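Student: So you can see what is in the structure, the chains are spelled out below.
Number of protein chains: 2
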Amino acid sequence: MTRIDHTVHVALGERAYDILIGPTLLDDAGPILADRFPGRRYGIVTDRTVAEAQLPRLTRSLDAAGLGYDTIVLPAGESTKSYANLETVIEGLLAARLERGDLVIALGGGVIGDLAGFAAAITRRGMDFVQMPTSLLAQVDSSVGGKTGINSPHGKNLVGAFHQPKLVLADLSALDTLPKRQFAAGYAEVAKYGLIDDPDFFDWLDINLDEIFAGGPARGEAVARCCAHKARVVIEDEKENGVRALLNLGHTFGHALEKDTGYSDRLLHGEGVAIGMVLAHTFSARLGLAPGQDIGRVTSHLKRADLPTTLADIPGTLGTTDTLMTAIAQDKKVQRGALTFILTHGIGKAFIERNVDPDKVRTFLEEMRAP
Amino acid sequence: MTRIDHTVHVALGERAYDILIGPTLLDDAGPILADRFPGRRYGIVTDRTVAEAQLPRLTRSLDAAGLGYDTIVLPAGESTKSYANLETVIEGLLAARLERGDLVIALGGGVIGDLAGFAAAITRRGMDFVQMPTSLLAQVDSSVGGKTGINSPHGKNLVGAFHQPKLVLADLSALDTLPKRQFAAGYAEVAKYGLIDDPDFFDWLDINLDEIFAGGPARGEAVARCCAHKARVVIEDEKENGVRALLNLGHTFGHALEKDTGYSDRLLHGEGVAIGMVLAHTFSARLGLAPGQDIGRVTSHLKRADLPTTLADIPGTLGTTDTLMTAIAQDKKVQRGALTFILTHGIGKAFIERNVDPDKVRTFLEEMRAP
Ligand SMILES: NC(=O)c1ccc[n+]([C@@H]2O[C@H](COP(=O)([O-])OP(=O)(O)OC[C@H]3O[C@@H](n4cnc5c(N)ncnc54)[C@H](O)[C@@H]3O)[C@@H](O)[C@H]2O)c1
Ligand SMILES: NC(=O)c1ccc[n+]([C@@H]2O[C@H](COP(=O)([O-])OP(=O)(O)OC[C@H]3O[C@@H](n4cnc5c(N)ncnc54)[C@H](O)[C@@H]3O)[C@@H](O)[C@H]2O)c1
Ligand SMILES: [Zn+2]
Ligand SMILES: [Zn+2]
Numbered sequence: 001m002t003r004i005d006h007t008v009h010v011a012l013g014e015r016a017y018d019i020l021i022g023p024t025l026l027d028d029a030g031p032i033l034a035d036r037f038p039g040r041r042y043g044i045v046t047d048r049t050v051a052e053a054q055l056p057r058l059t060r061s062l063d064a065a066g067l068g069y070d071t072i073v074l075p076a077g078e079s080t081k082s083y084a085n086l087e088t089v090i091e092g093l094l095a096a097r098l099e100r101g102d103l104v105i106a107l108g109g110g111v112i113g114d115l116a117g118f119a120a121a122i123t124r125r126g127m128d129f130v131q132m133p134t135s136l137l138a139q140v141d142s143s144v145g146g147k148t149g150i151n152s153p154h155g156k157n158l159v160g161a162f163h164q165p166k167l168v169l170a171d172l173s174a175l176d177t178l179p180k181r182q183f184a185a186g187y188a189e190v191a192k193y194g195l196i197d198d199p200d201f202f203d204w205l206d207i208n209l210d211e212i213f214a215g216g217p218a219r220g221e222a223v224a225r226c227c228a229h230k231a232r233v234v235i236e237d238e239k240e241n242g243v244r245a246l247l248n249l250g251h252t253f254g255h256a257l258e259k260d261t262g263y264s265d266r267l268l269h270g271e272g273v274a275i276g277m278v279l280a281h282t283f284s285a286r287l288g289l290a291p292g293q294d295i296g297r298v299t300s301h302l303k304r305a306d307l308p309t310t311l312a313d314i315p316g317t318l319g320t321t322d323t324l325m326t327a328i329a330q331d332k333k334v335q336r337g338a339l340t341f342i343l344t345h346g347i348g349k350a351f352i353e354r355n356v357d358p359d360k361v362r363t364f365l366e367e368m369r370a371p
Numbered sequence: 001m002t003r004i005d006h007t008v009h010v011a012l013g014e015r016a017y018d019i020l021i022g023p024t025l026l027d028d029a030g031p032i033l034a035d036r037f038p039g040r041r042y043g044i045v046t047d048r049t050v051a052e053a054q055l056p057r058l059t060r061s062l063d064a065a066g067l068g069y070d071t072i073v074l075p076a077g078e079s080t081k082s083y084a085n086l087e088t089v090i091e092g093l094l095a096a097r098l099e100r101g102d103l104v105i106a107l108g109g110g111v112i113g114d115l116a117g118f119a120a121a122i123t124r125r126g127m128d129f130v131q132m133p134t135s136l137l138a139q140v141d142s143s144v145g146g147k148t149g150i151n152s153p154h155g156k157n158l159v160g161a162f163h164q165p166k167l168v169l170a171d172l173s174a175l176d177t178l179p180k181r182q183f184a185a186g187y188a189e190v191a192k193y194g195l196i197d198d199p200d201f202f203d204w205l206d207i208n209l210d211e212i213f214a215g216g217p218a219r220g221e222a223v224a225r226c227c228a229h230k231a232r233v234v235i236e237d238e239k240e241n242g243v244r245a246l247l248n249l250g251h252t253f254g255h256a257l258e259k260d261t262g263y264s265d266r267l268l269h270g271e272g273v274a275i276g277m278v279l280a281h282t283f284s285a286r287l288g289l290a291p292g293q294d295i296g297r298v299t300s301h302l303k304r305a306d307l308p309t310t311l312a313d314i315p316g317t318l319g320t321t322d323t324l325m326t327a328i329a330q331d332k333k334v335q336r337g338a339l340t341f342i343l344t345h346g347i348g349k350a351f352i353e354r355n356v357d358p359d360k361v362r363t364f365l366e367e368m369r370a371p
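Here the protein sequences come in this chain order: A and B. Sequential numbering of the first sequence, starting at 1, is according to the UniProt record's numbering. Sequential numbering of the second sequence, starting at 1, is according to the UniProt record's numbering.
Bear in mind the hints are in silico, worked out from the structure with no lab data behind them. Just so we're clear, the structure is a prediction, and the values are computed from it rather than from any experiment. Mixed in with the good hints, there may be bad ones.
Which copy is meant is left open, so a pair is good if it fits within one copy or across any two.
Below 30 Å or equal to it, Euclidean Cα-Cα: the simulated DSS-like pairs (lysine-lysine) are [claimed, not checked]:
no. : residue 1 : residue 2
1   : K166      : K156
2   : K239      : K166
3   : K360      : K349
4   : K180      : K303
5   : K349      : K303
6   : K360      : K156
Using the sequences and the hints, build the whole thing.
Tutor: Right under this line is the structure:
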């Protein structure tokens, strides 16, 4: 008996799909896939860490259901989202003789989801794919919405495609093997949904944070509410021409910090987002747009999740303010030279500001760097 | 004064675009682009041969119109459609700081059109692009319809995306510097449109072949009729789920021969298609599907265009029949093991046959190889 605790439907017309959330979905993947996609073969893409921790659950289930598959295992980590690995995945899918009607399975965190989804998008000009997110970040964010891609030396996610999955299976117990620091990093994106436009959800998180980390029913509910939120935004603005940009709250600062720290272990994506969200709240307050007291609430909530919240929390030395400004200017959300930021009027009141004065950002960053 | 002899509109809803055909469109590109895409910057992608023969016409025009651009020049030839060059183009576009709203210009034959169009499709998750086809093949076929991509060691065009251009400028006098052999190869695709479902066009070609090669008004008319034909098919079946497959008449055999000759100078794409179309007619006749006399008409027409029409016309030694069969089976038009071919009931009466017996193909090929 398959246990599905929550189902979120992403109503995108002919690209619509379901997100299933439950504790045993990897063990039940075989019958679920056999039922929804009769007669297909599968190319599983995963990383070494996830292959060790979770892959056997999936393959046992596919074997039991008699489904044919090949597996492509890549190194773990952000640097896996490269041209070279894209080629490796595509060539692996072709070597496995998967046809246009077959399915790619992305089993892993956001790195594998982005890379495998992109490979699916461009192999034979478009193969179907299924997301099986195994990190919290991937379950609440990257596996939903169809943004796929790899990194360029010029910046993160600069190469990619919009390609929606056919199904998302978010297995909650997969998170049991996720390192605590990674879980916390993913949690930054959970908090983000509250901060954008759902103050009630932020309040609920404040109450349920411990249970979410410990793994009670609140964890599944949090994942489901985040997916529902993201699905709503994606349905409204699939290709990020407007409101979808709100999901980048904290990300312009965050990306600049990630770039500055070389996308290394010094700062995980979600950690950069955590600091970025605090900076976005603080910067908005400096600009007179938001009341100062929300900064404290945001900061202490993220601290409870063991997340960094200030530039000083980043180990090692940061680059110059000039370096950070260049990174901000190169961020892909820049349009014709003007800086676009997600600013806020307070918790749950984020908005897109397309005309931010670079000088004010520079002054603000200088101030934040001062000890 | 811009001279536009023919305009073909490709009515694809929000992806609709125009194909403009005339003798001076590269010289007039500046004002045309400035008018249609105000305020954009351009990344021109071309190959060394075309850069020498035609690029100055385009850049002079862009300079005169005050448009900003960067140029990426690649080696000429089919092997340019590689992962490595894809990366080169994307990184070049990013290095030129082109934004999502800027435009890629593909100036060249089908190789440049496919590669640059694909790079546009996946740079910043989708940039706009303009096709400026300079080979006959590109003007009548590859620049229209939005199929873009590169080759894999596993086969041609196995990696790519559907990405429609925003505009096609087919400059007829660009063809004046195209080598005669390349012109003839492109002509195979012209004849193809008649053979698929337009016997009147085939008759018209039989009358106008010399003028098309010499460069009178019939050349422009031929290009326009081919574009209109392809546009009709693409509108009906943008993603090649059905009728668009008819455009592959002669291509399953052709691709196998191209593969066998290593995508080299021994056999150009259009030359493979020419032989492939004769084989498709002959095979159809052998299967009792088509009257034998059309084989002769097709063959003599293609011979007048200086195109090869038999396996023996290919210089050097071909691989074994087994090798050819493997290539045919790997062609991306194979579905679940059954062979799909475009067969014909005679000139202008092609159809899709999804259940061709591999043994019959093998026997037929053996026979065609016998001296
Ligand atoms: N496509 C989108 O919309 C979108 C949105 C947000 C983030 N992203 C991308 O997602 C990526 C970050 O995702 P991530 O944080 O999941 O990174 P990740 O995929 O690198 O996973 C983090 C680490 O956790 C390990 N891991 C994952 N699941 C595990 C499990 N169940 N047990 C043990 N270890 C496990 C991985 O091996 C990796 O070492 C970034 O590249 C970011 O750009 C994409
Ligand atoms: N996307 C599609 O729908 C589609 C359709 C058919 C073919 N194709 C692809 O198109 C490619 C073949 O196109 P092609 O035949 O144009 O090949 P090509 O681009 O290699 O051009 C042929 C040669 O002619 C040269 N050339 C082009 N224009 C010239 C000019 N005006 N003056 C002098 N030299 C010129 C080129 O440098 C090259 O050496 C193949 O890769 C094929 O897969 C794509
Ligand atoms: Zn994020
Ligand atoms: Zn062709």
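Student: Give the relationship of K360 and K156 under a CA distance limit of 30 Å: within one copy only, between copies only, both, or neither.
Tutor: Answer is within: at 25 Å inside a copy they meet the 30 Å cutoff, but 51 Å across does not.
Student: Pop the pair K166 and K156 into one bin, within, between, both or neither, using alpha-carbon distances up to 30 Å.
Tutor: both (25 Å within a copy, 27 Å between copies)
Student: If the cutoff is 30 Å on CA atoms, where do K180 and K303 land: within, between, both or neither? Let me know, please.
Tutor: Intra 14 Å, inter 72 Å, cutoff 30 Å: intra-copy only.
Student: Should K349 paired with K303 be assigned to within, between, both, or neither, using CA atoms and 30 Å as the limit?
Tutor: within (21 Å within a copy, 72 Å between copies)
Student: With identical chains treated as interchangeable, where does the CA-CA distance between K239 and K166 reach 30 Å or less: within a copy, between copies, both, or neither?
Tutor: Answer is both: 17 Å inside a copy and 18 Å across each meet the 30 Å cutoff.
Student: Could you place K360 and K349 in one of the four classes (within, between, both, neither) given a Cα distance threshold of 30 Å?
Tutor: within (21 Å within a copy, 69 Å between copies)
Comparing the model with each numbered hint stated earlier shows that all of them hold.
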